[in-house]
Amino acid sequence: MAALCRVRHRWKRTNCIKLLTRNLTGTFDYDLVVIGGGSGGLACSKEAAQLGQKVAVLDYVEPSVKGTKWGIGGTCVNVGCIPKKLMHQAALLGTALKDAQKYGWQIPGPISHNWSTMAEAVQNHVRSLNWGHRVQLQDKEVKYLNIKGSLVDEHTVKGLTRTGKEIPGAVEHGITSDDIFWLKESPGKTLVVGASYVALECAGFLTGIGLDTTVMVRSIPLRGFDQQMAGLVTDYMEAYGTKFSWRSVPKSVDKLASGALQVTWTDKQTGKDQRDTFDSVLWAVGRAPETKTLSLEKVGVKLNEESGKILVAADESTSVPNIYAFGDIGEGRPELTPTAIKAGKLLARRLAGQTNELMNYDNVATTVFTPLEYGCVGLSEEEAESRHGKDSIEVYHAFYKPLEFTVAERDASQCYIKVVCKRGGDQRILGLHFTGPNAGEVTQGFAMGFQCGATLTHLMETVGIHPTCAEELTKVNVSKRSGLDATVTGC
Amino acid sequence: MQWVKICRQSLSSTVNTTLTVALSRHKFIRRSMASDAITRFDFLVIGGGSGGLAGARRAAELGATAAVVESHKLGGTCVNVGCVPKKVMWNAAVHAEYLHDHSDYGFDGGHVHFSWETIKTKRDAYVSRLNHIYRNNLDKAKIETIQGHARFIDGPDPTVEVNGKKYTAPHILIATGGFPSVLSDNDVPGASLGITSDGFFELESLPKRSVIVGAGYIAVEMAGILSTLGSKTSIICRQTGVRTNPGRHIPFMYPTNTVFRGVACTRGGHKKACLILFTFPLQVLRNFDTLISSNCTKELQNSGIELWKNTQVKLVSKTSNGLLEVTLVTKDPEKKNEEEKIGTIQEVDCLLWAIGREPNTAGLNLSQMGVDIDERGFIVVDEFQNTTRQGVYAVGDVCGKALLTPVAIAAGRKLAHRLFDGKEDAKVDFSNIPTVVFSHPPIGTVGLTEEEAIKNRGKENVKSYKTSFTPMYHAITTRKTQCIMKLVCVGKEEKVVGLHMQGIGCDEMLQGFAVAIKMGATKADFDKTIAIHPTSSEEFVTMR
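Heads up: the protein sequence lines correspond to chains A and B, in order. Residue numbers for the first sequence follow the working numbering, so the first one is 1 and each next one is one higher. Residue numbers for the second sequence follow the working numbering, so the first one is 1 and each next one is one higher.
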């Protein structure tokens, strides 16, 4: 979430308002002002400073409805990737405890999980990252201002320390992913509303640390991802103990005298209402762009009216030439940390006249850190079909069993590989999908091969690494079209 | 039956080469028809391990009648005493590491106890399940399994005798693998009181005090497993000692003319047996990139493994309590005038020799057959797996290079395609073979080490990129391990010729990068790739 103005600014203090503006001689105090100290904004400002520019970063965290507040670093560091992966890691350790007993470890008594211990450790780590970011900014001589940026005109940014954000009068009983990582106490029995990757990841780690967790899905899980893979991810979660309430829409949430939340929802299949009580309700029904206080309309920065995101060109410029936007706030951009970082760095280099290189938003690999991780790069099977036609693609697939699952007697029905190729010729890879342990670590290298234009032959000509899960990708040889059994047998 | 099958095959074949092969086979079968005692196949494989089974199954798929001779259990080293049970034990050890971290992640558990017996039983059950699967796979493919020791016998055509019965085929594949080297009691008195990695898999309980002799990857893996599971472990490294067979531990092959730390590679990557004095720092895994060997040494020591450098075992004796006393001699070759130091390790219940592997060729009667072996006893093959005797081929560990399951499998399959599918050029490309050492944490490596790249291309043409960090997993644990990474690039275009790493997850990270490197990826290609956050592997695409 970063919007920037490439102008020279200066700021003066008027009560609680800080104003960055042009001084009387027409020169500016900053070459670049970055609004938003998240992954993209920080990467861009540090890069620009290194290239000799004078830079200021404005970052101010508006507390969530529940009052959760955090430091510099943006979504990724505070309420996204980092705490999410650590809690996912905790959940994996929960599974490891079960596996360990099959591996000969005798663990006496019941194992319980203490939310506070984990949350405190995670939060302390996040705080250390916040601090690290501040130190880095100082080292690189980027001015950090803990104020909320708002545009006055295309060359002036106003800083606010207090905003007029409306706190809804209605009592909100729910929390969001912004809050979950900062809870001091266990959320207890939780209803997660939504089936985005955020929803599934949260539900996954809550289940993994032993909490009764239900996911309420209105339509399909992991929209935009390959739907066969999405099905495997949720199948695994169901087997893992996460409950799913499919095709259901919440109707009301009432707080009972006991403090529990009574949720009423409609099952769209039967049309009937259902009811259950939860300790927490986590809303994960999408993320909204943080544009409200920027006063974008005042300076003429155009937004997509439906999504509320800023319209951006390939060079990240907005409808106002000296104002740029990238990261989650950019219309049509992937909401991913690494793309924001990379786009930010490239923008800084272009602004400093170092390069003309544009950010390439194709071939972006990603991993969903659900209990069974899912990594992918390129097109989903559906997308490949619609772009190239069913007859022009060949889909190779394999159901494999990770060696670590065998002794642990875990069901591997959802460990699956799918390589979508162009049919004929050298079978260029259009999309590559992998569910299994360590999917994130497995996928990165293949994403690189994909970036280099890998074909099926390239995969098959690479010697496997035995015994690993990743090697299964080099052994895939059964096409869906052949109808043959895709189960891997033996080495 | 044979006759009909071959005729049909030759008729249906449109490929000229297949036709000639089939016709010559046709002639051969007619000629030897007189002797009924000989059973005939199109393809006879000696050794039911990874390479042999893969070759036989692929040949059968391509229409050949095939048989596999196996004296022990199907699956070979990998399944029975190698990759598979090793990784199971490694997984058990990784759980021990997790157990240390559980409380940091909020799990409250009591005191845990490890039962070696449980994992041994389950591991054995899994391995025998695999043995059965392999047998079923052979049966399904209509490949005959012949149980027993194979021995070549004299005759105009290569023929094999197993339990008094004779078998022949126009194409015979030797895939007998290898076994761990042992020292005799003449070399080191009491040496036979020790075990090897084969014996490791027979241990019925966790040793209390382990001594591992060797500094190759097997030594590192065995020591890591034993130590992590709770055995007090020492590694005895001879270090600057003479190494006559550097190729034995080298999991990948080097291009012709590569100079390997003073050893000139001869034709096809076979290295001449030389006496080499290593002057590298005292470390394990000396054939790996120095970053890896130094880091692995550090990790071993950090995990509480005791490292005896410049040390050899002099004597092993059994004491009255049934335990071993290992007498060691330490001498730093740099300090010529210094006296040898004698040390002992007492109450040892596991002395494990991990000093290399040797080919399984005894009893095959190779010398009579005109199948050449090299100085180290490995079968000499060309790039197409041909031995020096026509119609006899060899794949896998018995050839002594790139002793890895997937390499043997690939070689077996390529050979089958060459022999029965008319693919004349089918052969394994030995460059850029990725390999993983299941140490704690695991090591991944592909391509050239920095030293090799410099020897190859000159220091001015080599640039390496390095990074080291604490993986995020450890952000909230008291126990820490490092992740180290290195890219070795050559030339102006910065082509990546080597990738080396050690850290949590490196075992699963390597494969995809190996694909890219094999495709000829440059540093710029790495830079162009978008990271996956948060992972350790993303560090490779964000290196500066």
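Read the hints as simulated data drawn from the structure, not as lab findings. Because the structure is a prediction, the values reported are computed rather than measured. Certain hints may be false.
Stated by the list, open to error - Now the stretches of chain A that chain B is said to cover, found in silico as 3 or more residues with beta-carbon under 8 Å: (1) 97-105; (2) 246-252; (3) 307-321; (4) 380-394; (5) 468-478.
The C-beta atom is built at its ideal place from N, Cα and C for all residues, glycine as well.
Open item on the list: Between the stretch 246-252 of chain A and chain B, are there enough contacts, at least three residues with CB-CB distance under 8 Å, for the coverage claim to hold?
Closed with: violated (count 0)
Open item on the list: If you count the residues of the stretch 380-394 of chain A with a beta-carbon closer than 8 Å to a beta-carbon of chain B, do you get 3 or more?
Closed with: violated (count 0)
Task: Within 8 Å of chain B's CB atoms, at least three CB atoms from the stretch 468-478 of chain A: coverage verdict - done: holds (count 6)
Open item on the list: Is the coverage entry for the stretch 97-105 of chain A by chain B consistent with the three-residue Cβ rule at 8 Å?
Closed with: Satisfied; 7 residues make the cut.
Open item on the list: Is the listed coverage of the stretch 307-321 of chain A by chain B valid when you require three or more residues with a beta carbon under 8 Å from a beta carbon of that chain?
Closed with: Three-residue rule not met by the stretch 307-321 of chain A, so violated; n is 0.
Of the numbered hints given earlier, the model fails hints 2, 3 and 4; all others are met.
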